[in-house]
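Can you make the complete structure from the sequences, with help from the hints?
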Amino acid sequence: MEKKVQYKVIVSERARQMLAGHVRFLAQKSPTAARKAKNNLMNAIRSLSIMPERFPFLTAEFIPLNKYHKMFVEKYYLVLYQIKDQTVFVDYIVDCRQDYGWLVR
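Here our numbering is used: the sequence shown runs in plain steps of one and ends on residue 172.
I should point out that these hints are in silico values taken from the structure, not numbers from a laboratory. One or more hints might be untrue.
Pairs of lysine-lysine residues, derived as BS3-like cross-links and limited to a Cα-Cα distance of at most 25 Å, are as follows [stated by the list, open to error]:
hint: 1; residue 1: Lys-151; residue 2: Lys-96
hint: 2; residue 1: Lys-142; residue 2: Lys-96
hint: 3; residue 1: Lys-137; residue 2: Lys-151
hint: 4; residue 1: Lys-103; residue 2: Lys-142
hint: 5; residue 1: Lys-134; residue 2: Lys-151
hint: 6; residue 1: Lys-71; residue 2: Lys-151
Since the structure is predicted, the reported quantities are computational estimates derived from the model, not experimental observations.
Written out as structure tokens, the structure is:
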């Protein structure tokens, strides 16, 4: 049986702050929903340690081609990450219900 390659996953400070902001906002309405969203996002991010290439590249006018992979979590969140060697760098965690046009300009 072939051994699967394990990637190291690093979440940037900016992405951590974005996650914290999403969870804080959601917690104002429902602490239970906030906890669930955080757990689902963290589990999805951890899953990138195995086969992070399984998600497609983000294509946007002002983003360099093949720079960021995109992963949707819980239908509302977009996680953007790069793969370099055996490391996955999570750079953004975006709530798609908000305006994120700033990201692709």
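For each hint, the structure was consulted:
As the CA atoms of Lys-151 and Lys-96 are separated by approximately 38 Å, the hinted pair breaks the 25 Å bound. Of the pairs offered as hints, the one joining Lys-142 and Lys-96 holds, with about 18 Å between alpha carbons and a cut-off of 25 Å not exceeded. At most 25 Å may separate the alpha-carbon atoms for a hinted pair to count; Lys-137 and Lys-151 meet this at roughly 15 Å. In summary, the hint linking Lys-103 to Lys-142 is supported, as the alpha carbons are separated by about 13 Å, within the 25 Å threshold.
Pair hint Lys-134 plus Lys-151 holds up; C-alpha atoms about 10 Å apart against a cutoff of 25 Å. Between Lys-71 and Lys-151 the CA atoms are separated by roughly 17 Å; this keeps the pair inside 25 Å, and the hint holds.
Hint 1 from the earlier list is the only one contradicted by this structure; the remaining hints agree with it.
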